[in-house]
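If you read the protein sequences in the order shown, they are chains A and B.
Under the numbering used here, the first residue of the first sequence is numbered 1, with each subsequent residue one higher.
Under the numbering used here, the first residue of the second sequence is numbered 1, with each subsequent residue one higher.
One thing to keep in mind: the hints can contain errors.
[What the hints assert, rightly or not] DEER-style ranges, computed between Cβ atoms:
| no. | chain 1 | residue 1 | chain 2 | residue 2 | range |
| --- | --- | --- | --- | --- | --- |
| 1 | B | D409 | A | K57 | 18 to 24 Å |
| 2 | B | N78 | A | D9 | 48 to 54 Å |
| 3 | B | R247 | A | Q50 | 33 to 39 Å |
| 4 | A | P29 | B | Q408 | 17 to 23 Å |
Worth flagging that the hints you see were computed from the coordinates, not collected in a lab.
Everything numeric in this text was worked out from a predicted model, so none of it was measured.
Even for Gly, the Cβ is constructed at its ideal location relative to N, Cα and C.
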Amino acid sequence: MTTKPLNDDERKNLWQLAAHHLQLVDVEPKVTGDTVEQLLRQLGPRGDNQRIGDWLKGAAEQQAVDQSQTAEVIRFDPRRQRFTQIAEFTRLAADSGAGEIPLPSAPLETSDGRFRLDIKEVDDQMIRVLIQALGDASDALAGRLIGLAAEGNYETLIGLVELDEDGDGMIRLHDDEATRKALLRPVLGTIDDV
Amino acid sequence: MADQAIRGFKINTILDRLAIDMLGLIEKHLAAEQADRDRYYLSILLTLSKKLYISQLLYRDFRASGEQQWHRYQLAGNKVAKVHEQSIVYLHQVLMRRLKLARRLKHEPGNMHLLLAQLARFGAGSEEWSKVEIRRDSSLAADEQSDDFNTRLAAKLAAQRVALGDDFGDEARRRRDEYGPLWLIRPPNAAEMPEEMSWFDVIDAAPAPLADGFTADSDAQRLVVRVLDSLNERYTLLRSCGLDPERWHERDTPSIAKLRYLKRLRRQAEDYLRQSVEDEQVRSYRRAFDELAGECGQIAGFDSFDDFATSEVGMAVLRYPIQSLDDAIGGDDDEDDRSRHDLLADEDAEDIEERLARQEAAGDWVNRLIEDRPGWFDPTMRYFFEQVLGRGRPLYPEEGDEGVLFDQDFLALIASDEELDGQDDEALAAALYRRAQKLIKRGLNRQASASA
Numbered sequence: 001m002t003t004k005p006l007n008d009d010e011r012k013n014l015w016q017l018a019a020h021h022l023q024l025v026d027v028e029p030k031v032t033g034d035t036v037e038q039l040l041r042q043l044g045p046r047g048d049n050q051r052i053g054d055w056l057k058g059a060a061e062q063q064a065v066d067q068s069q070t071a072e073v074i075r076f077d078p079r080r081q082r083f084t085q086i087a088e089f090t091r092l093a094a095d096s097g098a099g100e101i102p103l104p105s106a107p108l109e110t111s112d113g114r115f116r117l118d119i120k121e122v123d124d125q126m127i128r129v130l131i132q133a134l135g136d137a138s139d140a141l142a143g144r145l146i147g148l149a150a151e152g153n154y155e156t157l158i159g160l161v162e163l164d165e166d167g168d169g170m171i172r173l174h175d176d177e178a179t180r181k182a183l184l185r186p187v188l189g190t191i192d193d194v
Numbered sequence: 001m002a003d004q005a006i007r008g009f010k011i012n013t014i015l016d017r018l019a020i021d022m023l024g025l026i027e028k029h030l031a032a033e034q035a036d037r038d039r040y041y042l043s044i045l046l047t048l049s050k051k052l053y054i055s056q057l058l059y060r061d062f063r064a065s066g067e068q069q070w071h072r073y074q075l076a077g078n079k080v081a082k083v084h085e086q087s088i089v090y091l092h093q094v095l096m097r098r099l100k101l102a103r104r105l106k107h108e109p110g111n112m113h114l115l116l117a118q119l120a121r122f123g124a125g126s127e128e129w130s131k132v133e134i135r136r137d138s139s140l141a142a143d144e145q146s147d148d149f150n151t152r153l154a155a156k157l158a159a160q161r162v163a164l165g166d167d168f169g170d171e172a173r174r175r176r177d178e179y180g181p182l183w184l185i186r187p188p189n190a191a192e193m194p195e196e197m198s199w200f201d202v203i204d205a206a207p208a209p210l211a212d213g214f215t216a217d218s219d220a221q222r223l224v225v226r227v228l229d230s231l232n233e234r235y236t237l238l239r240s241c242g243l244d245p246e247r248w249h250e251r252d253t254p255s256i257a258k259l260r261y262l263k264r265l266r267r268q269a270e271d272y273l274r275q276s277v278e279d280e281q282v283r284s285y286r287r288a289f290d291e292l293a294g295e296c297g298q299i300a301g302f303d304s305f306d307d308f309a310t311s312e313v314g315m316a317v318l319r320y321p322i323q324s325l326d327d328a329i330g331g332d333d334d335e336d337d338r339s340r341h342d343l344l345a346d347e348d349a350e351d352i353e354e355r356l357a358r359q360e361a362a363g364d365w366v367n368r369l370i371e372d373r374p375g376w377f378d379p380t381m382r383y384f385f386e387q388v389l390g391r392g393r394p395l396y397p398e399e400g401d402e403g404v405l406f407d408q409d410f411l412a413l414i415a416s417d418e419e420l421d422g423q424d425d426e427a428l429a430a431a432l433y434r435r436a437q438k439l440i441k442r443g444l445n446r447q448a449s450a451s452a
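All chains should be built: construct the whole structure from the sequences, respecting the hints.
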């Protein structure tokens, strides 16, 4: 028996149906009892009236402190690599004061809410810059090499970091006037081989 | 796999999928020698933290960083357990909520009560459990109880009633006055039930251990879906409107009815952006508001767009990125916007019903699709489409199905597929998903080009 050929509407409906059903496919295996037992051991007993969220967050934060990240030095070669701007940050009136150029007092966020820069002074004349890709940008840029540059100067980058699976990365910079000036109008870009 | 019905219902929405997982978790929890609530919580949280639920069920906070969204725990063997922040919100706001009695019910029990009765029918150790019934009755008294009935069920219900006290809705109060309290009866025993129960109240009160087979019971399956559907209603609407459930779920406003209007508004605004009628989010909302308000005079209690845009709820809705909420399949850099929007996950129940009706009308829809583009489907994709998308079979083993990844016929196909052979199960599942996704995008892109 020959089936009647599909018309455009029918075809579109069927592809949409396929898309709908694909979205309901679970590509991960079921959670095992062993994982639950191990996690329970990590968390320790929950207090009598302790909220589940507090119980989980407390243990995760402690582990994060224990495994605090260190930055890896990665070099940028403008002859072999290309910097493509993906975000710029504007600091209002930050460069108008006299004396030492201040660091931003709060994290900077792009106007589209896709990126955040948290710049802080840390020990030993160092500045720590935490780069965070937010929301869907974190999925898109997880594992990508990202460069931090001063606006307009994309050949000599301030720093480079590979974002982790959450789309986060940290760079440690020497705290000097050049760095502070460069951080007045910071720009982020992806780094690709030419 | 024989052509028998796998379950009491088909997997048509994310709540169907969740119901299957929740039944599996109930089985593990209630079959354990000593049911432990914290283990059960963790199993639920880890399950909800899977990619499937993050993309299809949980609220997505696009402004939160990965660090804020995930709690990670290093386990033995370099394994990492991950719990998503929104899974915790879902557990607290949705699953722990006591379900109110629906207004349309008169003497009938609510879905939570019915679910408990159905689980109780699978109580092990005595055939009497299979005779459990449930009803409102003003003449019953709990004066005769066997130890088994009391310790495994009645005492737990009594403790729950004490904890609930008078803190239940007017509807339940009215029905109770009119028709009497709700009773769970296993002749000659009877136990009064709390007027309102949460998911965890039901699970705690179920007479553990339960006998095998309840996860495959179609009545239990349907009840779990109905319960999840009721629990989820407000949460799903908030998610559709881009309102953070952590802030908005426990509030009385906006009402369910107003949220439905706001969802309609968002969809209309999204349509305008998709069709390039407007190129900016706020302008798109303004146009959508004016058009919909033209039909009904106002939207969700707001007489003008400016009233809406300056309200707390309006600011929250407008702040949420409009195009990304439902974009579950998109993501390729070179993806055409038009087809990207054609792939939006549809959370509207009416639309899903409409779509499923079309599916029924299309009969064997997968084979029609394959016959339409035979050259597009390699043998692996043909099998994947037929079994996974067409028949709704799982990739991994679950109740009543050994999982497509373990079908001998499918394994033979994989062995002859250079790209897929040799991968572990998770990598293989992800690769199959990507290949199917690419194929579907191709189909939708082709359709979009044809109709342009």
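> Broken hints, numbered, in rising order?
Replying inline: Of the numbered hints given earlier, those the structure breaks are 1 and 3, listed in rising order.
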